[in-house]
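Note that the protein sequences, when read in sequence, are chains A and B. With the numbering used here applied, the first sequence corresponds to residues 54 to 449, in that order. With the numbering used here applied, the second sequence corresponds to residues 54 to 449, in that order.
Just so you know, the hints here were simulated from the structure itself, not pulled from any lab data. Don't take every hint at face value.
For identical chains, the list gives no copy identity; a pair is met inside one copy or between any two copies.
[Claimed, not checked] Below, computed lysine-lysine pairings styled on PhoX-like, alpha-carbon distance capped at 25 Å: (1) Lys298 <-> Lys179; (2) Lys191 <-> Lys179; (3) Lys298 <-> Lys397; (4) Lys191 <-> Lys276; (5) Lys321 <-> Lys410; (6) Lys410 <-> Lys436; (7) Lys298 <-> Lys436; (8) Lys432 <-> Lys185; (9) Lys191 <-> Lys432; (10) Lys321 <-> Lys436; (11) Lys154 <-> Lys410; (12) Lys179 <-> Lys154; (13) Lys410 <-> Lys276.
2 protein chains.
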Amino acid sequence: MSTQSFHPPQRTLMGPGPSDVSPRVLEAMSRPTIGHLDPVFVTMMDELKDLLRYAFQTSNELTMPVSAPGSAGMETCFANLLEPGDTVIVCQNGVFGGRMKENVERCGATAVMVEDDWGRTIDPDKVEDTLKANPNAKILAFVHAETSTGVQSDASSLCALAHQHDCLTIVDCVTSLGGTPVQVDEWQADAVYSGTQKCLSCVPGLSPITFSDRAMESIQNRKTRVQSWFMDLNLVLGYWGGGGKRAYHHTAPVNSLYALHEALVILKEEGLENAWQRHELHHQALRAGIEAMGLTLVVPENERLPQLNAVAIPDGAEDAIIRAQLLADYNLEIGAGLGPMAGKIWRVGLMGHACNKRNVLLYLGAMEAVLNGLNAPVKTGDKGAAVAAALESYSN
Amino acid sequence: MSTQSFHPPQRTLMGPGPSDVSPRVLEAMSRPTIGHLDPVFVTMMDELKDLLRYAFQTSNELTMPVSAPGSAGMETCFANLLEPGDTVIVCQNGVFGGRMKENVERCGATAVMVEDDWGRTIDPDKVEDTLKANPNAKILAFVHAETSTGVQSDASSLCALAHQHDCLTIVDCVTSLGGTPVQVDEWQADAVYSGTQKCLSCVPGLSPITFSDRAMESIQNRKTRVQSWFMDLNLVLGYWGGGGKRAYHHTAPVNSLYALHEALVILKEEGLENAWQRHELHHQALRAGIEAMGLTLVVPENERLPQLNAVAIPDGAEDAIIRAQLLADYNLEIGAGLGPMAGKIWRVGLMGHACNKRNVLLYLGAMEAVLNGLNAPVKTGDKGAAVAAALESYSN
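If we strip away everything but chain A, and leave its shape as in the complex, we get (with noise of 0.2 Å):
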C-alpha cells in the first residue's frame, strides 16, 4: 500500500466537468478550516446564498448548495416535492432525464416520458401534449442543458407550459449555470439545481439548488415525510435557513464553501452577462476550428450549448485511443459519449474558467496533430487550418 502523497498531473480540463478550477478558487479553498456554527462561517453562508441568488437571477429565499454532488442536488428535488403515487412528465433527450425518471420512480411516484432524440432540444408541442392528457401530473421535469450531449431546451417555455397546466418544475442547470443564461425569476422555474464543476469553474462535490415559494408551500403541506433524513430541507433550512439561529444539521463541508464562495465572487466581478459572451466568444472560434478540420458538431447550430460541444467522431478514428493520446502528450482530457452516444461523440467543454482562447487552440492544435497521428490517420484537411478558422473567428 502507498504511503505517499498524491500528486496529480496539471491537466487541461476541457471535458463535460469538472472543468479547470480557479488558481482563486483552489487557494480559497486552502484557508485555515473554522467551525460550521462559528459566527464568522455563518456571515460567509449568508454571503454565499446572495451570490447564489445573482448566479441563478432569483429572489428565492430558498437558495444555498446541497452539501453533495449535483446528482444529489437533483435528489433533493425530487425527494422534497414527491409524495407516493405522484405523477410527474420527465421530459429525456440525454442521460439526466433518465436519471431523473429513476429519482421519481424511487419515490414511489409515476413517471410519465416525453422522449427526444438525443442531441436535440426537447419539443414543446409534445410536453403540451403530455401536459393535456394528464392533468393529475403534479411537477414537469426536464433538463435545460443536456451534459450528455450539448443541447439546450427552451425552459422559459416549458415552465411557462408547466403553469398553464398548474404543475410544479424541477429544472437541471447543472451545465448551464454561469455560461449560458438562467433566469429562474424570469422562467418562473420551481425548484433549480446546478453543480458546481461546470461553469462556476468550482471544485466538485456541491449542488447549488434554489426553490421557488410555491415550491417551498408544496414541501410544507406534504402529508409523509420525506425520504431521505439527509436531503430533507425542512430540516436542512434549520440550518441554511434565514434568521439568526444555525441549528445543527449535517456538518458542512466548510472548505468546499469557501471554494464556492469564491467562485461565485469571481463570477460577480466579471459579470454574469460578461461571462455569458465570454462563452459564446470561444464556442464561436471553437466551431469555426472544427469545421474547419472538417469534423462536425452534432447538434444543430440553435439548439447548441456554447459551453459542451458534441463532436462527431469521424471513421476511422478511435475513440479511446485518441483521448488517451490527448491526455498522455497534451495533458488535455475531453470528454467521451455517454449511453446511446458512447463511440460516436466527443464533448468538449469550454466552461468557465477553461473557457479562453488559450484552450481554444490548444484543442485544436493537438486534436489536428493527434487525428493525422500515426494511430489515426484520419484526413483533417490542410496543416494548422483548424487553428487559423479560429484565430480568423476571434478577429471578426
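Keeping the supplied structure of chain A fixed, place chain B upon it in accordance with the hints.
Just chain B now, kept in the frame of chain A:
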C-alpha cells in the same frame, strides 16, 4: 451583497468536529483538479481504499468514501440494508441513535429502541434482552462513539450479540475512527460509517464506509430498489468498485478526496496504535487539568472517549457567553451540548491533528481565565492549577 473574498480567522478547533485540519491536508486539497475518470485519479482512488482499510482495520472489499458528510454515510448504510417492513434494533444513548431511528423509519422499516441514559454506555444486557424478544430483527444498529456525549460503547460485545441472534450490524464510528480502536474485522461489524472531520483531521464533507461480505450479500439479495439513487451502492460501486472499469455515477469530489488521501497517509505514517496512544495521553492531561479546576467530566471514567470530553458546566457559568469569549479572546472553539445536554455540558475535542500538548494547555489556561472573569465569576481554585496539573500528568 459582498463581492469580497472570504478570509476565515485562524481558530483552534476543540469542539466535536470539525477538528483542526493539518496544513498538509489543506495543501493537498489545493492541488490541481483532474478528471474523476482520469487514470491517474483512478490509481489514487485505489490507494485511498487501501488506506481506509488500514484505518478501519478491515479487508472488506467494499471500503470507500461516500461523497457527502457523515449523516449521508449513515443513510447509505440504512438505505442499502433495509427494506420496507424490516425490523431494526436501534440503541440510543445520545443524538445519533435518534438519527438512526429517523433513518429506519424513513426506509419504511420499524425501529425497536433500546434506550440508555445520555452520557452512559450502551448496556449489552438490555440489547441481548431486546434481541431475544425480537427474533425477526434483521439489524442491530448502534453508535460506537457518541459525538453528542463523548461516550464509547463496547462494539465488540454488541456485534457478537447481534451475530448470536443472526442480525447484521450498523455501527457509527464517526468520532472514533483514528482516535480510539476501531477494529471492523475483529468485531465482525457489517456496515460501518465514519466522518473525515474528526480524528482523521481532514476537511468535513466525506463519509468513509466499509461493508462486510455478508452485508454486500444482503444488498445483492434485495427485493426492492434502494430508495435513494445517489446512495444506491449497486450503482456507486460501478465507479468505486474493484476491477479496471470505472463507470460514471456522479462526479466525485476530486479535491476533497485528495485531502482524505493525505490525511490517511499521515495516519499511516504515525501508525494507528501510536495515534490511539496519543489521544489517550493528551486526554489524561486534559482530564487532570479539568479536575484541578474543580470541574467534572460527566461520563464515567471507563466509558469515556479520550478524543471528546464532556465537561459539566459549573453553576454560575453562562454557556453561550463563555464559548463566545473563548472564541473572541483566544480564537478557541469548544462545542455546546445537544438536545437534553444543551446548557449542561461543553464538549471539548482533542481530535487528530488538534490532539496535542499545545491545545491542552491553551484550553486549560483560557478556560481558567474566562471562568474567573467578569462575566462568569466561577471559582476554579488556585491560579494556574489546571495547567500545572496537566504538565504534571505529562511528566508521569
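Consistency of the hints with the structure:
Proximity of Lys298 to Lys179 under the C-alpha cut-off of 25 Å is found in neither arrangement, the shortest distances being 46 Å within a copy and 38 Å between copies. Taking CA atoms no more than 25 Å apart as the test, Lys191 paired with Lys179 passes inside one copy only; the shortest distance there is 17 Å, against 47 Å between copies. Taking CA atoms no more than 25 Å apart as the test, Lys298 paired with Lys397 passes between copies only; the shortest distance there is 19 Å, against 52 Å inside one copy. For the homomeric pair Lys191 and Lys276, the shortest alpha-carbon distance inside one copy (15 Å) is at most 25 Å, but the shortest distance between copies (28 Å) is not.
In the homo-oligomer, the alpha carbons of Lys321 and Lys410 lie at most 25 Å apart inside one protomer (21 Å), although the nearest pairing across protomers, at 44 Å, exceeds that limit. Taking CA atoms no more than 25 Å apart as the test, Lys410 paired with Lys436 passes inside one copy only; the shortest distance there is 19 Å, against 66 Å between copies. Taking the shortest alpha-carbon separations for Lys298 and Lys436, neither the intra-copy value of 64 Å nor the inter-copy value of 36 Å comes in at or below 25 Å. For a Cα distance limit of 25 Å, the shortest separation of Lys432 from Lys185 qualifies neither inside one copy, at 51 Å, nor across copies, at 75 Å.
For the homomeric pair Lys191 and Lys432, neither the shortest alpha-carbon distance inside one copy (52 Å) nor that between copies (63 Å) is at most 25 Å. Neither within a single protomer nor between protomers do Lys321 and Lys436 lie at most 25 Å apart by alpha-carbon distance, with minima of 40 Å and 52 Å respectively. For a Cα distance limit of 25 Å, the shortest separation of Lys154 from Lys410 qualifies neither inside one copy, at 38 Å, nor across copies, at 54 Å. In this homomeric assembly, Lys179 and Lys154 come within 25 Å of each other (Cα to Cα) only inside a single copy, at 17 Å, whereas the closest approach across copies is 44 Å.
Taking the shortest alpha-carbon separations for Lys410 and Lys276, neither the intra-copy value of 53 Å nor the inter-copy value of 53 Å comes in at or below 25 Å.
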